[in-house]
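> Whole structure, please, built from the sequences with the hints as guidance.
Spelled out, the chains give:
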Amino acid sequence: MIKRVDYRHITRSYGTILAGIAVTIVFAILRPDAFATWANLINITRQISLLVIIAIGATLVMSIEEFDLSVGAMASLGGVLAAKMAVAGFPMILCFLLPPVVAFTIGFVNGWIVTRFRVLSFVVTLAMSTIIGGFTFWFTGGATIFRDIPRSFRYVGSANVLGIPLLTIIMFVLVILFWFIMKHTSFGRKLYAIGGNEVAAEVSGLNVKKYKILAFSLCSALAAFTGILMSSRLGSAHPTGGDGLFLQSYAAVFLGRTVFKEGVPNIWGTFVGAAILGVLANGLTIMQVPTYMRDLLTGAIIIAAVVAQKVGRD
Amino acid sequence: MIKRVDYRHITRSYGTILAGIAVTIVFAILRPDAFATWANLINITRQISLLVIIAIGATLVMSIEEFDLSVGAMASLGGVLAAKMAVAGFPMILCFLLPPVVAFTIGFVNGWIVTRFRVLSFVVTLAMSTIIGGFTFWFTGGATIFRDIPRSFRYVGSANVLGIPLLTIIMFVLVILFWFIMKHTSFGRKLYAIGGNEVAAEVSGLNVKKYKILAFSLCSALAAFTGILMSSRLGSAHPTGGDGLFLQSYAAVFLGRTVFKEGVPNIWGTFVGAAILGVLANGLTIMQVPTYMRDLLTGAIIIAAVVAQKVGRD
Amino acid sequence: MLLETRGLSKRFGQQYALKQVNLQILPGEIHGLVGENGAGKSTLIKILTGVYTRDEGQVLWEGKEVSDLNPVASRRLGINVIHQDRHLIPQFNAVENVYLGLEYETRGAVAIDWKQMRSAVERIMQELSIELPLNVPAMYLTPPQKTLVEIIRGMMTDCKLFILDEPTASLTDKETDILFDLILKLKQKGTSVLYVSHRMEEIFRLTDRITVLKNGELVSTVQTSEVDLDGLVALMTDNWQSRKRLTERRVGAEVLRVNRLASVDQKVKDASFVVREGEILGIFGLGGSGRTELLETIYGLRKSARGEVVLSGEAYEKRTPRESLKRGMVLISEDRRGQALIESLTVRKNVVLSTLDRYARVGVMDGKREIRDTEGQIRALDIKTKGVNQVVKELSGGNQQKVVFAKALLAEPKVFLCDEPTQGVDIRTREEIHNLLRAKAEEGKTVVFVSSDLQEMLDVVDTFVILTEGRTTHVVKNEDLTSEQVLSYCYAGTREKESSR
Amino acid sequence: APKQVSIITPYLASVTTNQMALAMKEGMEAHGWRVTIVDTKGDFADLASRMEDLVSVRTDAIVLVSTDPELVKTQIEEAAAAGIPVFGCDSGFIEGMVVNATSDNYAMGVQLTNFIFEAIGYKGKIIALTHRPHPGVVKRSQALDDLLPQYPEIKLITEQHVEVPGPIESARQIMENLLLANPQVGSIDAVWCAWDEPAIGVAQALQVAGREEVIVAGVDGNSQAVEMIKAGSPIKATVAQNFEGMAEIVVEEMARYFAGEQVEPGERYAPATLIVGDF
Ligand SMILES: Nc1ncnc2c1ncn2[C@@H]1O[C@H](COP(=O)(O)OP(=O)(O)OP(=O)(O)O)[C@@H](O)[C@H]1O
Ligand SMILES: Nc1ncnc2c1ncn2[C@@H]1O[C@H](COP(=O)(O)OP(=O)(O)OP(=O)(O)O)[C@@H](O)[C@H]1O
Ligand SMILES: [Mg+2]
Ligand SMILES: [Mg+2]
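Chains as they are written, first to last, in my numbering: chain G, 306 to 619; chain D, 306 to 619; chain B, 931 to 1431; chain Y, 5 to 283.
No lab work stands behind these hints, which were simulated from the structure alone.
Don't take every hint at face value.
Said to hold, decoys possible - Here are some of the chain Y residues that sit facing chain G, going by a computed Cβ distance under 7 Å:
| id | residue |
| --- | --- |
| 1 | T40 |
| 2 | H165 |
| 3 | I172 |
Claimed, not checked - Pairs of lysine-lysine, PhoX-like flavour, derived with a Cα cap of 20 Å:
| id | chain 1 | residue 1 | chain 2 | residue 2 |
| --- | --- | --- | --- | --- |
| 4 | B | K949 | B | K1144 |
| 5 | D | K566 | B | K1144 |
| 6 | Y | K7 | Y | K29 |
| 7 | B | K1256 | D | K515 |
| 8 | Y | K129 | Y | K159 |
| 9 | D | K615 | G | K514 |
| 10 | B | K1298 | D | K488 |
| 11 | G | K615 | B | K1119 |
| 12 | Y | K45 | Y | K7 |
| 13 | B | K1076 | B | K1119 |
| 14 | D | K514 | B | K1233 |
| 15 | B | K1256 | B | K1233 |
| 16 | B | K1119 | B | K1090 |
| 17 | D | K514 | B | K1256 |
| 18 | B | K1314 | B | K949 |
| 19 | D | K566 | D | K488 |
| 20 | D | K515 | B | K1248 |
| 21 | G | K615 | D | K615 |
| 22 | B | K1323 | D | K566 |
| 23 | B | K1344 | B | K1323 |
| 24 | B | K1144 | G | K488 |
| 25 | B | K1090 | B | K994 |
| 26 | B | K1144 | B | K1316 |
| 27 | B | K949 | B | K1316 |
| 28 | B | K1375 | B | K1344 |
| 29 | D | K514 | B | K1248 |
Backbone N, C-alpha and C fix where the C-beta goes; we use that ideal spot for every residue, glycine too.
See below:
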C-alpha cells in the first residue's frame, strides 16, 4: 500500500522532467555528433543562464501569488546602466552592484504600492514597466551602447573557469542559493505561506507586507543583474535588449510549477522549465528545422510535457 | 451618516473612472482645439475599438480565473486568414466568419486541454500561442499580405454610419451584448461562479468543464474577429500584427477589475480600462510630448488611477 | 483580571457587530461565550487577537491597556487562538502549519531543522493522543483534521489565554474528549480559556462562567452553576422555546439503494444500505470512517470503483453532481468554504446557484423572481444578512451554513444527503433544521443524515447504518437506542475486521 | 506659425532608425520647423492610431520612418484627404504619399549576396539569418532567393529567423547551436545576415568558438559593425545604407513641398556603399 503511493508519487512528480528527458534523448539519437556532446551541454547551460537567473526572481514573486511584469524592462535598464557606468570608467564591481541596488529600490516601490494600497500587482508592475522603459529610452537616447566598453566589463559574460562558462557557474550558484532559501529558510517558507493563504499568514502573525515587498525587491534586483550579464556577454547594451526575457521567464516559471505535484512555483522547477525551453531551442536549431517548424514543435512539446505529467493521474 | 457612507461608496466604486475623467479634463484644458472635439472623440472610440473587443474575450477567460495568452497570436492569425481569403476572392461574409470559427475550435482545444488534464492555462495557451505563431508564419511565409486586397474587405474597417465609424458601433454592440451576457444571463453567472470557487460550482451542479471550454472558445473567436477588423482597418495583414494587443488587452482587463469594488473582471470595467489607455495614448500624442515622456506619464497615470481608488478606503 | 474589555464596539458599514461590550476573563477560568449566529462572538475574538481593529473601547490585559493590537502582539501577550475559519496554508503539511507564525527551529542559524520540528509536533501529538498524517498537505486534510492541526498549533507555545471558536463543530466524540481533557489540563495549569460553542452540553460540562451575546451586545455574564439550559437559551434568544416537531411519518417505497459501493481511492470499501420515502437514515461511524466519502461517492463527486446506486428504482450509473441534482438528490457538504459556498459572491447568487436554469428564460435571469425567492429563504431560515446582495464572506459562520441549506431547499430534492448539516449553527436554528428535515420526511422526502454529534443523530434519525473503515457493518432501528450501544456497534465492526485478519 | 512636422516609427530603438530620425529632426529644425518623434515600439496597430491622431490635430507633415506604408494604407489615404503630406524615409512608396527616400533594398540584397558569393569563390555552404516580416529585409532576402539558383555549387544550409527584440542575443544563440551542428572547419563558409545586428551576434559566436574562418556580412553600416570590421572580426563587410542621405532627401523634398513647388511623387534612392574590411 505504502509502496503503491510512493510509486505514484514519482510518476506524478517527475512527469514533466521525464518528458524533457525524452526530448533530449530524441535529439541525441537524431544528432549524436552535434547534440549529445559535452561542448553542447556547456553551450546549453550558458544559453539558459540568463533566462534562469531572471526567472528565479519571477519565481519569488510568483510564490507570493503576485506578478512582476516589469522584469523585462528592468533587465534592459540594468544592462544599460551598467554599460554606461563601465564606459564612464566606474570600477567593475560598482558596475555590477549599483544597478541591482537601484533595481532593488524600484522593486521596493512596486511592492510598497501593491501592499499599501492593495492593488493588483499586474497593473502596477505593467505601469512600472512602461515607466522604466521610458526612462531607459531617455537615458540612452534610444541608442545601443557599445563604444568604449572596456574589455574588463566583458569578462564575466565571456570567461570560462576550467572550461565551464562563468555564466553557467553563476547560474548554478544562484539556483542552489535560492533553492536553499526557498526550501530551507524561514524567509522562503514565509513567502510560500503568504502565497498559499495570505489571510492565514497574516492572522498567524507574519509580517506579510514586509515579505511581499522583499520578494518584489529581490525579483527586480535579479532582473537587473540578468541585464548586466547580458550586456557583458554581448559587449553592448540595447535599450530594449532584456524585454524579450519577460514572457520567457514566466513560461519557465509556469512550466516549473508543473514539475512537482504541489504545483507551487519553485526554483528547481523553474530551472527545469528553462532547461526544457533551452534544449528545445538548441536542439531544433541544430536539427536545422525551419523557423515555423521550430515554433510548432516547441509549442506541441511543451503541451505534451505538461499533459504527460497528468496522464495516469486522477 | 448615510450620506457619508454613500459618498465614500462613490469614491471607492468609481475612483478609477474619476481618475480617467480627470486626465481627460486636463487634456481638454491644455488642447481644447485638438483634443476636446467631437472628431477626436470619434477618433478615440475607433482607436480603442480593437483593444476593447479583444479584451472582452480576455475578460471572459479571466472571469473563470484562467489566462489565455494566445489572444495576440490568434488576432494575427485571424487577420491573416481573412486577408488571404479576401485576396483569394471568397465572399466577404465568409472572410469575416470563417476565421472566428477556426479560432473557436482552437480555443476549444485550449479549454479542453486545460479542463481535461487540469493543467495551468498559462502554460497551455502560451504554448498554443507559439504554435499559432508558427502556423501563421508558415502560412504567410513571414510576409505582410497587402496585394490585391479588395476594397470591399476594407469597408468594415473604414466605413462610417451617420458620421460614426462602423468599428465604434461594432465595439459598443459587443460591449453591451457581453455586458448583458455576463450580468444578466445564467451563462455569465456560471462563469463567475466557476471563477469564485470551481469545486463549489461543481458540487452545485454546474457543468464546469463545458463552461470553461466555452469561455476559452469565445475568447479565441473574439480575438480572431479583432484581427480581421484590424486587417480591414489597415488594408493589410501582418503575421505578427495582433501580437501587440495581448499585453494591452490584459492591462485593460486588470485595470477594469479595479473599477468596481467587487474586483472581478467585468465588461464595463474592461471598457473603462481600455478607454483610459486609449485616451492617454491619444492625448499624449496630441500634446506632442516626446516618446519617453509619453511612457513616463502613461505609467505614472495608470498607477495613480488604481491607487486613487483605494485612497480614503479601509 | 486577566483580560477586560471596556465599551468595545465594532461596526461593519452602519451595522454594529459589537456594541459597548464589557467582557471580563479571570485567570484560570474556563469562560463560555454563547449567542445566536451573528451575535458577534467571532468578531469579539478577532478584535482580541488583533485581526480586526476596534472602532471604540479599550482592551485591558492584566490591568494595563493594550493600544496596538495585532496578531503578533496578541500572540506575544500570551493569547493563542483557534479561529472559527480554520486558517491553514493549503500546500503546507501539518508540521509546517503548526509552526506558522512561530520561529522555525533552525540548525546553524539559517537552515530549518525539519527533523526537530517534526519531532516537536509528534511529541505534542503523543501527549494529546492525536493521530494525524504529517506528510499530507493541508488541502487534502478533512475539516476535523484541520481542527486538530490548529489544536496542536495552539499547544506549541505556553499561553495565558486560549481562545477556541467552535472547535468541536465537526469533531467526533473521540476527538472532542481529547480536546476536553486538554482544556481541563490547561485550566489546572492556570491558563484561562475562552470557549465558544453552540453545543450547550459542552458549555455546561466545561465552563465556570458564561457570557451571553445578543445582537452584538453583552446581555450578561453568569456563573455556570447558577443557570440551566432553559435559562441560558432564554438569555440568548427572544421568546423562543424549544419545540421538537413530532411527526407522523409513514415510511413508503424504497427511494435510494446503495449496493456494495466502493470508491476509487478506497476510502469507501463496501457500503450498502436502503432508504425509503419518509425515512431519515443516519450513517454513523468514527472519525475517518469514510462517511463524507460515502456521501460524495453516492452524489457523484468522487469516482466509484465498484457497486451500484439505485435511485427511484432506476440504476444510476455515471454519477455527477449535475445529474444527481437533476434526479432530485442534493448534497449538503461538510466543507462549507471549500465545497458548498462561493464566498466572494452574494447571498442571492449562492442561493440560486443550483437552480440557475430555473430562473432563466432563454438564458436571461429573472432577477425579480430570484430576489423574491431568496428573500423567502432568508425569512424562512432566519438568515442574518444585510440583504440579498451581501457577500457571503461577510456573514457569520452559522448564517453561511443557512445559505447552504437555502440553496439545497430551492432545488426541491427528493433525497437530502446531509453531511454535518448543523455544524456551527445555533441551537435554535439547529432545531429548526431538524424540524425542517422531519417535515420534509413527512412530505415523503428521504434524508440521509451524517453528524459527528451522536446525540443529535439519536434525536433525529429513524435508522442507523454503522460505517467502519469504509464498510457498512450494521443496520439498527433507532428505538430506545443509547449512545453506548451505537458506539459498541462501531467498535464491534472494528473488532470483527481485526479478528478476520 | 512654424511648420509642425511629425516623425513616426515603430522602431526608434533600432540604432539606424534612431540615427535617421535624429538627423532628420536636426535638418528640419534648421529650417525653423517644429519636430516631434512618435515611437510605437514595434506595434503597427498603434502606429495607425497615432497617425490618426496626427491627422486629427492637423500636423503639417508626417514622416513615416522604417515602416511598410502598406500597413497604414488607410491612414495615409486619410492624411491625403485631409491635405497632410506623408513622406517616407526608409519605408516604401504607395499612392497618396509625396516621396519616399530609401535605399534600394533589393539592390542592397544583391550587393550583399554578390559580396558573399565572391568571397567564398562561388562555391560552399552558407547560412542565412533573416526576419521576413520586416519589409526591407524581405526584399533583401528576395535577392538571395533569386541569385542562389544561379550557383549550384553554393548550398544554403538553413535559413533561420532572428527574434526581435534582442536580435544580437538571438542570432548569437542560433549561431552557437549551428556551430555545434557543423563542427568541422569548412562545414560553413559564410553567414548571410539580413542586417548588422545579427551579424554582430554571429561574429561573437564565431570568435568564441574559434571559427573565425567563416565570413560574415550584413546590411546597414551600423557603427558597431563597422568598428568590428575594422578590428578584423569575422564580419567582413556591410552594405552601408546612407541614412543621413535619406534624411537629407526627405528634408529637401519637404522644403520644396512647403515652398509650393511641384514634387514628383515616387521613390528617391540614396545609394548604398559596400564597406569591406581586409581579409
Ligand atoms: N468582514 C465583515 N464584513 C461585514 N460584516 C461582517 C464581517 N464579519 C462579520 N460581519 C457581521 O458581523 C456580525 C457578527 O458576526 P460574527 O461572525 O461575529 O458572529 P458569530 O457570533 O461568530 O456567529 P456564528 O455563531 O454564526 O459564528 C454578523 O452580522 C456578520 O454578518
Ligand atoms: N480524526 C481522524 N484521525 C485520523 N485520521 C482521520 C481522522 N479523520 C479523518 N481521517 C482520515 O481521513 C479519511 C476520511 O476521513 P473523513 O473525515 O472524511 O471521514 P468521515 O467518516 O466523514 O469523518 P468526518 O465526517 O468526521 O470527517 C480517513 O481515511 C482517515 O485516514
Ligand atoms: Mg462565529
Ligand atoms: Mg466527514
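> The structure should be examined with respect to each hint, and the outcome stated for every one.
Consistency of the hints with the structure:
Because the beta carbon of T40 of chain Y sits about 14 Å from the nearest beta carbon in chain G, more than 7 Å, this interface hint is broken. Contact between H165 of chain Y and chain G, as hinted, is supported at the beta carbon level, the nearest pair being about 4 Å apart and thus within 7 Å. With a least beta-carbon distance of about 5 Å to chain G, the hint placing I172 of chain Y at the interface is held under the 7 Å criterion. About 10 Å separates the Cα atoms of K949 of chain B and K1144 of chain B, which keeps this hinted pair within 20 Å; it holds.
As the CA atoms of K566 of chain D and K1144 of chain B are separated by approximately 31 Å, the hinted pair breaks the 20 Å bound. Pair hint K7 of chain Y plus K29 of chain Y holds up; C-alpha atoms about 13 Å apart against a cutoff of 20 Å. For the hint pairing K1256 of chain B with K515 of chain D, the CA-to-CA distance comes to about 17 Å; that is within 20 Å, so the pair holds. For the hint linking K129 of chain Y to K159 of chain Y, the alpha-carbon distance of about 5 Å falls within 20 Å, and the restraint holds.
Between K615 of chain D and K514 of chain G the alpha-carbon distance is near 17 Å, which keeps this suggested pair within the 20 Å criterion. Only pairs whose Cα atoms come within 20 Å are accepted, and K1298 of chain B paired with K488 of chain D is accepted, the gap being roughly 14 Å. A C-alpha spacing of about 52 Å is found between K615 of chain G and K1119 of chain B, which places the hinted pair above 20 Å, so the restraint is violated. Note on K45 of chain Y and K7 of chain Y: the hinted pairing is violated, with a Cα-Cα distance of about 26 Å set against a maximum of 20 Å.
Restraint check: the Cα-Cα separation between K1076 of chain B and K1119 of chain B comes to about 26 Å, which exceeds 20 Å; the hinted pair is violated. Pair hint K514 of chain D plus K1233 of chain B holds up; C-alpha atoms about 16 Å apart against a cutoff of 20 Å. As the CA atoms of K1256 of chain B and K1233 of chain B are separated by approximately 18 Å, the hinted pair is consistent with the 20 Å bound. Distance hint between K1119 of chain B and K1090 of chain B is fulfilled; the C-alpha atoms sit about 10 Å from each other, no more than 20 Å.
Restraint check for K514 of chain D and K1256 of chain B: the C-alpha separation of about 17 Å stays at or below 20 Å, so the hint holds. Between K1314 of chain B and K949 of chain B, the direct Cα distance comes to roughly 17 Å. Compliance with the 20 Å bound is thereby established for this hinted pair. Proposed proximity of K566 of chain D and K488 of chain D is supported: the alpha carbons are some 15 Å apart, at most 20 Å. For the proposed pair K515 of chain D and K1248 of chain B, the alpha carbon gap of about 17 Å is at most 20 Å, so the pair holds.
With a C-alpha separation of about 41 Å, the suggested pair K615 of chain G and K615 of chain D falls outside the 20 Å cut-off, and the hint is violated. Simply put, K1323 of chain B and K566 of chain D have alpha-carbon atoms about 15 Å apart, close enough for the 20 Å limit, and the pair holds. At roughly 29 Å between alpha-carbon atoms, K1344 of chain B and K1323 of chain B are farther apart than 20 Å, so this suggested pair is violated. For the proposed pair K1144 of chain B and K488 of chain G, the alpha carbon gap of about 47 Å is over 20 Å, so the pair is violated.
For a cut-off of 20 Å, the pair hint linking K1090 of chain B to K994 of chain B stands: about 15 Å separates their Cα positions. Our distance criterion of 20 Å between C-alpha atoms is met by K1144 of chain B and K1316 of chain B, whose separation comes to about 17 Å. About 17 Å separates the Cα atoms of K949 of chain B and K1316 of chain B, which keeps this hinted pair within 20 Å; it holds. For the suggested pair K1375 of chain B and K1344 of chain B, the alpha carbons sit about 5 Å apart, so the restraint of at most 20 Å is met.
Between K514 of chain D and K1248 of chain B the CA atoms are separated by roughly 16 Å; this keeps the pair inside 20 Å, and the hint holds.
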